[in-house]
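Once you've looked at the hints, dock chain B against the given chain A.
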Amino acid sequence: AQSVTQLDSQVPVFEEAPVELRCNYSSSVSVYLFWYVQYPNQGLQLLLKYLSGSTLVKGINGFEAEFNKSQTSFHLRKPSVHISDTAEYFCAVSLNTNAGKSTFGDGTTLTVKP
Amino acid sequence: DAMVIQNPRYQVTQFGKPVTLSCSQTLNHNVMYWYQQKSSQAPKLLFHYYDKDFNNEADTPDNFQSRRPNTSFCFLDIRSPGLGDAAMYLCATSRQSGLVGETQYFGPGTRLLVL
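If you read the sequences in order, they're chains A and B.
Start counting the first sequence at 1; every next residue gets the next number (our numbering).
Start counting the second sequence at 1001; every next residue gets the next number (our numbering).
The following block holds chain A by itself, in its conformation from the complex (with noise of 0.2 angstroms):
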């Protein structure tokens, strides 16, 4: 069975700092990548998946990550955080032999500071 860690449970960081939200997963078989935000009281929105290919994967709202194989990572990163950046962020994970079902992580919740 597959997992997802999200390492760290909260994340404070200024207005226009970079910001990495980490996500690593254990799977035995490939698998496929998401991230999403949700925002309070909002479902959840994605943000950006790694399928194949190119290992930087560019997403929405300046977001990008990189899927890693080798340290079985996925970190999420952005140059520069504006205050709307602020809500919670869900690493997901979806193995290839189990088409649109996915495990989440628990989330981290970034929280952008002026």
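Keep in mind that a hint or two might mislead.
Stated by the list, open to error - If you anchor each label on the Cβ, the simulated ranges turn out as follows: (1) B/G1084 <-> A/S80: 40 to 48 angstroms; (2) A/S54 <-> B/Q1014: 48 to 56 angstroms; (3) A/P114 <-> B/D1077: 43 to 51 angstroms; (4) A/P79 <-> B/D1077: 45 to 53 angstroms; (5) A/P114 <-> B/N1063: 42 to 50 angstroms; (6) A/Y39 <-> B/Q1096: 24 to 32 angstroms; (7) B/S1039 <-> A/V29: 30 to 38 angstroms; (8) A/N61 <-> B/D1051: 27 to 35 angstroms.
Everything labelled a hint here was simulated from the structure, so no lab data went into it.
Bear in mind that the values here come from a model prediction, so they are computed numbers and not experimental data.
A virtual CB, placed ideally from N, CA and C, is assigned to each residue, including glycine.
What follows is chain B alone, placed relative to chain A:
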């Protein structure tokens, strides 16, 4: 131009009183999912429909049922809500279940409070 709609956004029910949450979609997607998300936790998949085929997760309690009368609508029925069932319930859709890595589109969620 809402795509996945959940009603109501907030629901209060009494301990043991059946409650139904609804989800509708304008995307004409084949697959619809129900997730339970407790405070500060990851969303947990309860079940999903691929068209009319129902797929229950092994650890979903029998207290949770679902109906999908047509492509657009899907309902979550909680037969006897307990205090532990208070959570955000998220509905999601995807175009097909047969393709790996499919993007899921989430509704805004219904927050259920059990008194």
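**Asked** Is it true that A/Y39 and B/Q1096 lie within 24 to 32 angstroms of each other by Cβ?
**Response** holds, 28 angstroms
**Request:** State, for the Cβ atoms of A/S54 and B/Q1014, whether the hinted interval 48 to 56 angstroms holds or is violated.
**Result:** holds, 53 angstroms
**Asked** Cβ-Cβ distance between B/G1084 and A/S80: within 40 to 48 angstroms?
**Response** Given a distance of about 41 angstroms, which is inside 40 to 48 angstroms, the answer is holds.
**Request:** Using the Cβ atoms, figure out if B/S1039 sits within 30 to 38 angstroms of A/V29.
**Result:** For A/V29 against B/S1039, whose Cβ atoms are near 32 angstroms apart, the range 30 to 38 angstroms holds.
**Asked** When you take the CB atoms of A/P79 and B/D1077, is the distance between them in 45 to 53 angstroms?
**Response** holds, 46 angstroms
**Asked** Does 43 to 51 angstroms hold as the CB distance between A/P114 and B/D1077, or does it fail?
**Response** holds, 45 angstroms
**Asked** Between A/N61 and B/D1051, does the C-beta distance stay in 27 to 35 angstroms?
**Response** holds, 33 angstroms
**Request:** Using the beta carbons of A/P114 and B/N1063, state whether their distance is inside 42 to 50 angstroms or not.
**Result:** holds, 45 angstroms
Violated hints for the displayed structure: none, as all numbered hints are satisfied.
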